[in-house]
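*Asks:* Here's the letter readout for the chains.
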Amino acid sequence: THERTAASGVCTRRTPLNASTNMRLKLPITCFILEIIIIILFGVLVQYDEGTDAKLWHDRNHSSHSDYDNDFYYRYPSFQDVHVMIFIGFGFLMTFLQRYGFSSVGFNFLIAAFALQWATLMQGFFHGMHGGKIHIGVESMINADFCTGSVLISFGAVLGKTSPVQLLLMAIFEVTLFAVNEFIVLSVLGAKDAGGSMTIHTFGAYFGLIVARVLYRPNLDKSKHRNSSVYHSDLFAMIGTLYLWMFWPSFNSAITAHGDDQHRTAMNTYYSLAACTLSSYAMSALTAHDGKLDMVHIQNAALAGGVAAGTAGEMMLTPFGSMIVGFVAGIISVLGFKYLSPVLESKLKIQDTCGVHNLHGMPGILGAIVGAIVAALATADVYGEGLTDVFPDVASGEISASDQGVRQIISLAVTLGIALLGGLIVGFILKLPIFGAPPDTICFEDSIYWEVRRSGNVMPLSQQHHGTTRRHTLIRPG
Amino acid sequence: THERTAASGVCTRRTPLNASTNMRLKLPITCFILEIIIIILFGVLVQYDEGTDAKLWHDRNHSSHSDYDNDFYYRYPSFQDVHVMIFIGFGFLMTFLQRYGFSSVGFNFLIAAFALQWATLMQGFFHGMHGGKIHIGVESMINADFCTGSVLISFGAVLGKTSPVQLLLMAIFEVTLFAVNEFIVLSVLGAKDAGGSMTIHTFGAYFGLIVARVLYRPNLDKSKHRNSSVYHSDLFAMIGTLYLWMFWPSFNSAITAHGDDQHRTAMNTYYSLAACTLSSYAMSALTAHDGKLDMVHIQNAALAGGVAAGTAGEMMLTPFGSMIVGFVAGIISVLGFKYLSPVLESKLKIQDTCGVHNLHGMPGILGAIVGAIVAALATADVYGEGLTDVFPDVASGEISASDQGVRQIISLAVTLGIALLGGLIVGFILKLPIFGAPPDTICFEDSIYWEVRRSGNVMPLSQQHHGTTRRHTLIRPG
Amino acid sequence: THERTAASGVCTRRTPLNASTNMRLKLPITCFILEIIIIILFGVLVQYDEGTDAKLWHDRNHSSHSDYDNDFYYRYPSFQDVHVMIFIGFGFLMTFLQRYGFSSVGFNFLIAAFALQWATLMQGFFHGMHGGKIHIGVESMINADFCTGSVLISFGAVLGKTSPVQLLLMAIFEVTLFAVNEFIVLSVLGAKDAGGSMTIHTFGAYFGLIVARVLYRPNLDKSKHRNSSVYHSDLFAMIGTLYLWMFWPSFNSAITAHGDDQHRTAMNTYYSLAACTLSSYAMSALTAHDGKLDMVHIQNAALAGGVAAGTAGEMMLTPFGSMIVGFVAGIISVLGFKYLSPVLESKLKIQDTCGVHNLHGMPGILGAIVGAIVAALATADVYGEGLTDVFPDVASGEISASDQGVRQIISLAVTLGIALLGGLIVGFILKLPIFGAPPDTICFEDSIYWEVRRSGNVMPLSQQHHGTTRRHTLIRPG
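Protein chains in written order, with the UniProt record's numbering: chain A, 1 to 478; chain B, 1 to 478; chain C, 1 to 478.
Calculated cross-link-like contacts (lysine-lysine; reagent style DSBU-like; alpha-carbon spacing at most 35 Å):
1) C:K431 with C:K222
2) B:K338 with B:K431
3) A:K431 with B:K338
4) C:K347 with C:K431
5) B:K431 with C:K338
6) C:K431 with A:K338
None of these hints come from the bench; they were simulated from the model.
The shape of chain A in the complex, shown without the other chains:
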């Protein structure tokens, strides 16, 4: 029986029970406390906004033309696309590991479900307290998903080496710092970053990379046989890649101004991604000594065009400009996977499981710089009356376009500063031995946190069932 199973694709080695990784109390306590705190804070602080409150909407609606003015119809389809990116996109992108699919999808699910609630509160504190209350609707839902995306990027850097309790803790701090940074960048500094090249991608990537640095494991080689993909796990990962790729135009345009702004942002992103895909394939074949394409590049680098169009996408970047940005992003990203990541690991001791530096870090910085340049070049001649939507302070004459460009660059520096400092502190918190991190020998392994059924269909005779529904052949620690 054992040999049968061992030979059948999914490995079933016995996982030694480790008291510290046992989640029986740690995970429920963490989840329950967090959720109860959130519920209490929602009860005290959160209210429907004008578009979701029955009374307010109907009061306002007396003088308006149509239910269509409700922001729901402008943004909900975009929200759902973003939602799919967060849960399917990020979740399945990380299933490439052969023995970590449950955790990739499952922990992604858990921390995203937590983070979007926490983000509603944190972003509400900084963005929109109205008489002591946080007003929420579809726009806050999108913003909460955006903030969640940032946490999931950081998750990619530490994938396979952290317990769910560590991840929830990371999410608490990261969401909070995200909201602080977002407030400084967008509200204090007045920068534009609708698709989050800075606030989401750069922030999430460098935060996660520093956490990974602090959690460096010199003996991670002991788990290296699991730190790779198998055939079907790469196909599952492609589901994640493609949903991210397809819906990135919705992501970047989800909270831009109504009308031409949403429309233009989506289209710019679409062309940036298309160009990025061609340069990623080209570079993947070019950098392989035998010219064979590498799934790692396809799954990741082809998305860099979306990241890099995150800031400038809403501006008059033109499809021409978008394609150049995407084209360059794909090249940078593949080169990063091929030549930079090994150096980061060997020299800087940053073990970046998913290569988020190549997908979100460098392309995010590229996007921020492109955004600064395009902002600095903005003219009333090109934008017409639309300048008010994109650069309100420039349109009002308060600042010049080049001032706006400077704002953008300062915002990038601030974002990097907060991400690096925050990641450093949070990394040391996560390092405390009580949170159940897996030992070096059992990283990238689902069975340490999940009941993993045995592949094959032979059930041990010893297993006694008395009428349970949906029985499982479980692999229990020996």
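Following the hints, complete the assembly by docking chains B and C onto the known chain A.
*Replies:* Relative to chain A, chains B and C alone:
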């Protein structure tokens, strides 16, 4: 060759040919007769509604402002999300079984495609005969998908133990009874149930559970080695789970009133699901002796928050209230999987393959009760002019809010009654031996109804091909 | 070690290195040249249209009512559904092959990302030069995706037997010819074909079939052991099928006129597909000697109803008519897979890997004929003022309805002519030996173009790593 194959993940044991399970004539006859009846009835009874008919729309549109008033733009994005839940969500959620993926996705596809046509007719009879004709458009399409969802819930209870012909028969009766119950609950009793906690989830679950009871198989243990998941089948099931989870806000809001109602319902459901996810993870770890998470709970219980917000979601439940509801639903659902399902099987002889009682049954009842309470607490002060959308009879002064609460509770009782009685009768019909149910020894097995290719890439020498496209290495009964 | 791996589902035979199939220079050069040409042409020729340009939109908007008039809100949700069909739908539909999943999804991704850019240019030349510039927005994005769909259909015919460079070349020519044919059919001849029964499906299928004919491989039997599916590859393919099926209503309605037209087209397609599903299941069981359903039929024939409703879907076909069309399409398609494809291969030497003749070819012609008939029967009595949207030339009195029917039939003939002639020429170009087609012995095999990781978790000792992130156990040619 045989050993090779046997060792390769997917088992290829030979299935003995059983005359009664042979679908060569039974399935085509059933499908053809049903489809021809449907086509004739559509020809006689069905017409485009005002939004889909070229003449009617343009006549009406003369006096209106915009093509945007067409209900298509209000509801089609929601419809597509619901559509994905029906075909991908339910279909893949059931692929967790190691040898029943084709049937889970494939029979789901078949009965859904049938049920949505039949539902259009049955719901049309009861809801909207206009001068002897059924008028259809995007709202009837959503309602048809909703009714289909109910049938798919019941399918979950009998998964692996029924032939496609049995399932089509079940769908005929269940759709019909669904339409009757829906008519009584919504039109006669005047209850509100936009997301179907009662009419869809409670109805579908208890109908299916009683059918499963009548079809009880004392010797199902003979197939128990197939009644479990393997690693990749659990990942496929997570695709189903996540699509259901992500799009549930669209489901509950798909047919609520335009404007704030759709907006609020989507947001309430979003928060209910998020809270439910945290409590499901917590309970899954807490109830496992070694603290390991169980995929069964994650795949199912995390969705209970959507079910439980099905009735009250459109009301002024507040995000705070939604989170409490979701939080409780997740706890109840995991406890049900862990402690109640084994009792249902051993004591009540209900073999509930997917645990629909835990995902749809109990959370559906919870949702109905919550809906009754929130309805009874409704005040003009909170809803303002919006009261007309949510509780028209209360707004008009015809009844009091507490009367509305009573209506809701009566509706729950009626739903349970019709589901239980209907399921009992239909179960006995399905028990007739002519419909090709699988024998106890070959339940949960695709190869009884599907041509299943052999895993691995060795083709027997004996197999003669003469130019067929897309050749298969088939496993034929010996 | 080798035996372990060999026994584990995914085969890992060593692929002999073949100089001509090495893509190290060919693929990067092709991708870079094409992308740079596209970027230059976009820089010179392409501009934002009125809905995406900040200045133009705000100028126009002065006199209009709402940002809602922006075409983005009418079409973007449909666009995203179409986008999913192109990348997930087509991509995963072709993953049924046991050893060709990376190529199916990955080459689909590459050629689609290229084709949508090229199509923007080619369609722009013929459809909408405004003062020497191509104006683009969401409608051109949908049209580019449509054109891409046609290329992907042709890809299905040659799947497994062509290199990525060949596919890119095919895309260049096919997109160009598609734009020519589309211009003739829609603009010169004045035919209607919103869902592309003719311009997309018939064109793509017959173009691809002729290419496959020219690329005929008499010794393809040497790879026949890989030209089949395994259990999980069929489940991956079902993801593709279902997304195509669910979103086909959006596909057919994506560029029809606003209002009732989009609404009606979506609904007609919905019912056509539902009826088609039932007839496909019926025929699949009926044509199998043991009554077992065949995944090939379910994955493909059930979609024929969408193809066949592509032309008439926007007309007053009625749900009744739609169901008849879908019902017939499903029957034709299964019969084609069962009886016609083997003849095409043995007699006409057309090796149609995915059976596109059965899914797109015959149902496309059926759809064209149905469209001609329904057009010829159009009356002002039925369409009212809506006649202007659907048949503007008939509404204006310029031609009669039967003239419109004749236009439709001529358009079908033209489409077939251009597809067959174009495919013939392109086939001979692709036959040049320099493009790296795989040898007959290694068709349907990912490892010729992709780095394929070994299944199982044993890493050869010889492999030296120095700190690379995301290590792979690669199968390198011996």
